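In case you want the letters, here they are:
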Amino acid sequence: MAGVNDKVAKLEARDLDVTFRSGRDVVRAVRGTSFAVAEGESFGIVGESGSGKSTVLRAICGLAPVSGGTIKLDGRDLPNPRDAAFYRQVQMVFQDPYASLHPRHTIDGVLSEPLAIHGFDNREERIEKALTDVGLGSDFRFRFPHQLSGGQRQRVAIARALILEPSVLLLDEPTSALDASIQAEVLNLLDGLRSARGLTYVMVSHDLAVVAHMCDRLVVMQHGRQVEELTRAALQAHRAETDYTRQLLAASEGYTPA
Amino acid sequence: MTALPTPTGGSRREWLLTDRPQSRRQARLGQAYRTWLAFRGNWLAMLGLGIVLALIFLAIFADVIAPYHPTIGGDLRTERLLPPSWEHWMGTDGQARDILSRIIYGARLTLLVVTLVALIATPIGLLVGTVAGYFGGWVDTILMRITDIFLAFPRLILALAFVAALGPGIENAIIAIAITSWPPYARLARAETLTIRDQDYIAATRLQGAGSARIIWKHVVPLCMSSVIIRVTLDMAGIILTAAGLGFLGLGAQPPQPEWGAMIADGRRFIIDQWWVATMPGLAIFTVSLAFNLLGDGLRDVLDPKARK
Numbered sequence: 001m002a003g004v005n006d007k008v009a010k011l012e013a014r015d016l017d018v019t020f021r022s023g024r025d026v027v028r029a030v031r032g033t034s035f036a037v038a039e040g041e042s043f044g045i046v047g048e049s050g051s052g053k054s055t056v057l058r059a060i061c062g063l064a065p066v067s068g069g070t071i072k073l074d075g076r077d078l079p080n081p082r083d084a085a086f087y088r089q090v091q092m093v094f095q096d097p098y099a100s101l102h103p104r105h106t107i108d109g110v111l112s113e114p115l116a117i118h119g120f121d122n123r124e125e126r127i128e129k130a131l132t133d134v135g136l137g138s139d140f141r142f143r144f145p146h147q148l149s150g151g152q153r154q155r156v157a158i159a160r161a162l163i164l165e166p167s168v169l170l171l172d173e174p175t176s177a178l179d180a181s182i183q184a185e186v187l188n189l190l191d192g193l194r195s196a197r198g199l200t201y202v203m204v205s206h207d208l209a210v211v212a213h214m215c216d217r218l219v220v221m222q223h224g225r226q227v228e229e230l231t232r233a234a235l236q237a238h239r240a241e242t243d244y245t246r247q248l249l250a251a252s253e254g255y256t257p258a
Numbered sequence: 001m002t003a004l005p006t007p008t009g010g011s012r013r014e015w016l017l018t019d020r021p022q023s024r025r026q027a028r029l030g031q032a033y034r035t036w037l038a039f040r041g042n043w044l045a046m047l048g049l050g051i052v053l054a055l056i057f058l059a060i061f062a063d064v065i066a067p068y069h070p071t072i073g074g075d076l077r078t079e080r081l082l083p084p085s086w087e088h089w090m091g092t093d094g095q096a097r098d099i100l101s102r103i104i105y106g107a108r109l110t111l112l113v114v115t116l117v118a119l120i121a122t123p124i125g126l127l128v129g130t131v132a133g134y135f136g137g138w139v140d141t142i143l144m145r146i147t148d149i150f151l152a153f154p155r156l157i158l159a160l161a162f163v164a165a166l167g168p169g170i171e172n173a174i175i176a177i178a179i180t181s182w183p184p185y186a187r188l189a190r191a192e193t194l195t196i197r198d199q200d201y202i203a204a205t206r207l208q209g210a211g212s213a214r215i216i217w218k219h220v221v222p223l224c225m226s227s228v229i230i231r232v233t234l235d236m237a238g239i240i241l242t243a244a245g246l247g248f249l250g251l252g253a254q255p256p257q258p259e260w261g262a263m264i265a266d267g268r269r270f271i272i273d274q275w276w277v278a279t280m281p282g283l284a285i286f287t288v289s290l291a292f293n294l295l296g297d298g299l300r301d302v303l304d305p306k307a308r309k
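Protein chains in written order, with the working numbering: chain A, 1 to 258; chain B, 1 to 309.
Heads up, some of the hints might be wrong.
Pairs of lysine-lysine, DSBU-like flavour, derived with a Cα cap of 35 angstroms [what the hints assert, rightly or not]:
#1 Lys129/A x Lys72/A
#2 Lys72/A x Lys218/B
#3 Lys218/B x Lys129/A
Just so you know, these hints were derived from the structure itself, not from any lab.
Only a predicted model underlies this, so the values are computations on that prediction, with no experimental measurement involved.
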């Protein structure tokens with residue numbers, strides 16, 4: 001973690017454990033994961049389905065039960081339950097834009113709700129600006145989600161996350177539900193927003209190509225454990241140290257006939 | 001927001017159906033208009049709606065429409081139990097009162113019962129169901145056991161108890177029906193809430209710092225609303241029949257109030273020789289119950305997203 005330790009990390013998880021209990025069933029979804037993300041950095045978490053990568057994000061937001069370890073934002077422990085100040089700092093974009101927008105609320109309703117909750121002023125201008133920033137015109141403002149395409153919905157979800165002007169954005173596979181041509185558009189949009197606003201990203205994906213494009217550093221997770229931490233340069237040079245990461249790398253290159 | 005573009009004559013339809021609404025109002029009206037267009041295509045539902053609207057019209061203008069007084073009869077020596085004729089379209093009853101006029105005035109009582117029961121039972125059911133479903137755990141357990149207790153009350157027995165405690169009358173019948181009819185709505189709302197509460201859009205709202213009350217009221221209730229409205233409309237027929245049943249037993253509306261169930265009970269004595277006395281109010285109950293069922297089925301086709309073709 002060179003380069004991170006010399007100043008306080010923006011977001012830091014240490015020995016994070018997440019355990020789901022239902023009756024006698026106990027599922028330890030995340031076991032002893034640690035990472036630190038510097039301000040303005042883009043950090044990736046990679047793994048196959050069920051590796052616990054999305055659970056890490058949900059644990060940061062307080063949507064999953066943390067059973068051990070600590071999460072710190074700006075060097076301070078997070079309050080439990082998370083408070084309004086936390087939600088203004090940290091926002092999340094969900095995986096499936098078809099599930100993350102309320103079917104009966106217009107885009108205007110979706111965007112004005114966080115402003116109302118946090119008592120922001122100039123709501124009209126903020127909504128217009130949020131829509132313009134994600135490349136949607138004001139034409140879209142009073143539409144319902146079912147009148148939008150998948151890519152447009154995900155842009156709305158990004159606008160919703162950014163309208164509170166957070167400094168950290170958690171991205172839970174933001175493009176995996178979109179088709180390939182739209183994926184690039186949304187990723188470029190996210191990249192542009194990060195450099196324009198100096199945002200810190202934590203991005204979860206199963207797609208190494210996407211993470212290599214977006215992130216400076218990444219961890220690889222398997223079965224709830226952290227397998228390896230890599231830099232982008234190491235990833236691009238295929239300098240993986242564990243077998244599992246090498247397998248993932250091979251898989252990301254696509255199907256090769258034997 | 002910029003000034004609203006005003007709709008002009010022929011383009012009103014386009015203004016409503018545009019996929020680029022310019023204001024909150026236009027988006028909402030457009031959505032309502034689309035629902036109406038879908039509803040209008042179902043002629044049975046339109047028939048039901050027509051009958052219900054006619055019932056409301058009769059209730060409002062009963063004073064003007066009814067040819068005779070509903071409770072003061074004519075000459076008891078010459079005008080008792082007359083068969084249907086041009087003077088008395090539905091005949092007269094044992095007190096020489098015009099049955100048509102009584103049925104027209106009875107529409108008021110029927111509407112009163114249906115409206116009040118819906119207004120009392122629906123909010124209670126929605127509130128209990130969504131709160132239980134959203135919070136889960138012990139809140140859910142307690143609220144649902146209370147629901148089970150209310151569900152276990154037989155309506156007529158509870159109505160009897162109410163009448164014994166508070167005295168007979170249409171108001172007590174309404175209360176008895178209302179407090180025994182909310183549990184199904186609570187269960188329905190809870191089941192809907194259980195599927196809604198783990199959706200990403202609820203998690204997203206929580207991440208924006210919304211409290212539970214805001215999430216339940218603004219996000220969960222609107223989604224439960226349509227199925228509850230459908231269920232309430234379909235239950236209207238049952239409510240009318242229960243009210244009529246209570247009237248028939250003498251526990252609901254009291255004489256000389258022109259309540260349809262009580263009128264059937266009144267006509268029971270003459271059912272062999274003067275069939276119209278019991279038949280006419282029976283036909284009224286049948287027509288209105290059928291209309292509410294048709295309306296409910298039509299609403300289900302339009303409002304229930306799962307049944308949408």
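Evaluated hints:
Distance hint between Lys129/A and Lys72/A is fulfilled; the C-alpha atoms sit about 31 angstroms from each other, no more than 35 angstroms. For the hint linking Lys72/A to Lys218/B, the alpha-carbon distance of about 32 angstroms falls within 35 angstroms, and the restraint holds. Simply put, Lys218/B and Lys129/A have alpha-carbon atoms about 25 angstroms apart, close enough for the 35 angstroms limit, and the pair holds.
In the structure shown, no violation is registered for any of the earlier numbered hints.
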